[in-house]
Amino acid sequence: MGVRILFLGPLRDLAGEQEREVPGPLDWAGLLEAVGPAIAEQLNEERVNVACDGKVMADKTVLAARDGDEVALLPPVSGG
Amino acid sequence: MARLSLSAPLDVRLLDKGLSVGEALAAFNAAHGEAGGIVSFLGKVRPDGDVKALELSHYEKLTLAGMKDLAQAAYDRFNLVGALAWHRIGMMRPGEPIVLVATAARHRRNAFEAADYLMDHLKSAAWFWKRERRSDGWHWIEPRDRDRIDLERWK
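Quick note, the sequences are listed as chains S and B, same order.
The C-terminal position of the first sequence is numbered 82 in my numbering, with every residue numbered one higher than the one before it.
The C-terminal position of the second sequence is numbered 142 in my numbering, with every residue numbered one higher than the one before it.
Take these hints with a grain of salt, some might be off.
Stated by the list, open to error - Partner residues aside, some chain S positions facing chain B, computed with beta carbon under 8 Å:
{"no.": "1", "residue": "Leu10"}
{"no.": "2", "residue": "Gly11"}
{"no.": "3", "residue": "Pro12"}
{"no.": "4", "residue": "Leu16"}
{"no.": "5", "residue": "Ala53"}
{"no.": "6", "residue": "Gly56"}
{"no.": "7", "residue": "Val58"}
{"no.": "8", "residue": "Met59"}
{"no.": "9", "residue": "Ala60"}
{"no.": "10", "residue": "Thr63"}
{"no.": "11", "residue": "Gly70"}
{"no.": "12", "residue": "Pro77"}
{"no.": "13", "residue": "Gly81"}
Said to hold, decoys possible - Taking lysine-lysine and the PhoX-like style, the derived pairs with C-alpha atoms no more than 20 Å apart in a straight line are:
{"no.": "14", "chain 1": "B", "residue 1": "Lys117", "chain 2": "B", "residue 2": "Lys48"}
{"no.": "15", "chain 1": "B", "residue 1": "Lys142", "chain 2": "B", "residue 2": "Lys4"}
{"no.": "16", "chain 1": "S", "residue 1": "Lys62", "chain 2": "B", "residue 2": "Lys39"}
{"no.": "17", "chain 1": "B", "residue 1": "Lys39", "chain 2": "B", "residue 2": "Lys4"}
{"no.": "18", "chain 1": "B", "residue 1": "Lys48", "chain 2": "S", "residue 2": "Lys57"}
{"no.": "19", "chain 1": "S", "residue 1": "Lys57", "chain 2": "B", "residue 2": "Lys31"}
{"no.": "20", "chain 1": "B", "residue 1": "Lys39", "chain 2": "B", "residue 2": "Lys117"}
{"no.": "21", "chain 1": "B", "residue 1": "Lys142", "chain 2": "B", "residue 2": "Lys31"}
{"no.": "22", "chain 1": "B", "residue 1": "Lys142", "chain 2": "B", "residue 2": "Lys117"}
Unchecked claim - Between beta-carbon pairs, the in silico distance windows are:
{"no.": "23", "chain 1": "S", "residue 1": "Pro39", "chain 2": "B", "residue 2": "Arg33", "range": "46 to 52 Å"}
{"no.": "24", "chain 1": "S", "residue 1": "Gly81", "chain 2": "B", "residue 2": "Gly24", "range": "25 to 31 Å"}
{"no.": "25", "chain 1": "B", "residue 1": "Glu83", "chain 2": "S", "residue 2": "Glu23", "range": "21 to 27 Å"}
{"no.": "26", "chain 1": "S", "residue 1": "Ala42", "chain 2": "B", "residue 2": "Ala40", "range": "38 to 44 Å"}
For the record, the hints were derived by calculation from the structure and aren't laboratory data.
C-beta atoms are modelled at their ideal positions from N, C-alpha and C, and glycine is treated no differently.
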């Protein structure tokens, strides 16, 4: 059981898939590497949030996901 | 038909198919006999140019919990008797309901303001992503400045 990375909203299109499983543990550098340069560029933007295990991180760069955790990449929500 | 049963004082739902506004409001009214007034807002998929469909996606672990926190915040802030916040997910067509908010309070001003507050936050601070299908394919909807300004009003 690894770490599940979930791509939400438009990031799903960019990733070409809804989720990906990578071996844990996973830190910020590991995440950027695992998702590839296009998504990493988005992740480096302040407006993209990261949730680990169902909680939005105040500081995503201190990510420390373990096996079994779900890491969700949350682009800005749509307006209307 | 059995009457729709609502949880009180807060009823918050994600719905993957159509909602019956009349039924929801009747049940909400019945659940809050002590209210002096009820305000409701129904948001619909805007019939806009060549938009054929709107798809709303969410994140299971955050979206509903966030909506519940929001309803609780409105309840506390505006001294409500009750609140209802229902949001559609999935595929919708122009003209279809997308969100229903109802607020019950002892006095009307609180009910009006709470409904406005709930809508501003559901629009720009709840975890939903929207894309629309036009004749040339799917387009993701970006955040708008207007939504951010609306949200600032409550800070």
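How the hints compare with the structure:
1. Leu10: 6 Å, holds
2. Gly11: With Cβ-Cβ at 3 Å, under 8 Å, it holds.
3. Pro12: 4 Å, holds
4. Leu16: At 10 Å from the nearest chain B Cβ, leucine 16 of chain S fails the 8 Å test, so the hint is violated.
5. Ala53: Hint holds; alanine 53 of chain S Cβ to chain B Cβ min 6 Å, cut 8 Å.
6. Gly56: 4 Å, holds
7. Val58: 7 Å, holds
8. Met59: With a closest approach of 12 Å, the methionine 59 of chain S hint is violated.
9. Ala60: It is violated, given that the least Cβ distance between alanine 60 of chain S and chain B is near 14 Å, above 8 Å.
10. Thr63: 20 Å, violated
11. Gly70: Violated - the Cβ of glycine 70 of chain S stays beyond 8 Å from chain B, reaching only about 14 Å at its closest.
12. Pro77: 7 Å, holds
13. Gly81: Nearest chain B Cβ about 4 Å off; hint holds.
14. B/Lys117 / B/Lys48: Distance ~18 Å between lysine 117 of chain B and lysine 48 of chain B Cα, so the pair holds.
15. B/Lys142 / B/Lys4: Cα-Cα ~33 Å, so violated.
16. S/Lys62 / B/Lys39: Between lysine 62 of chain S and lysine 39 of chain B the Cα gap is close to 37 Å, so the pair fails against 20 Å, i.e. violated.
17. B/Lys39 / B/Lys4: Holds, at about 17 Å.
18. B/Lys48 / S/Lys57: 8 Å, holds
19. S/Lys57 / B/Lys31: 30 Å, violated
20. B/Lys39 / B/Lys117: 13 Å, holds
21. B/Lys142 / B/Lys31: Status violated; Cα separation ~27 Å.
22. B/Lys142 / B/Lys117: 25 Å, violated
23. S/Pro39 / B/Arg33: 46 to 52 Å: The hint (46 to 52 Å, Cβ to Cβ) is violated, given that proline 39 of chain S and arginine 33 of chain B are roughly 36 Å apart.
24. S/Gly81 / B/Gly24: 25 to 31 Å: Given a distance of about 29 Å, which is inside 25 to 31 Å, the answer is holds.
25. B/Glu83 / S/Glu23: 21 to 27 Å: 36 Å, violated
26. S/Ala42 / B/Ala40: 38 to 44 Å: 32 Å, violated
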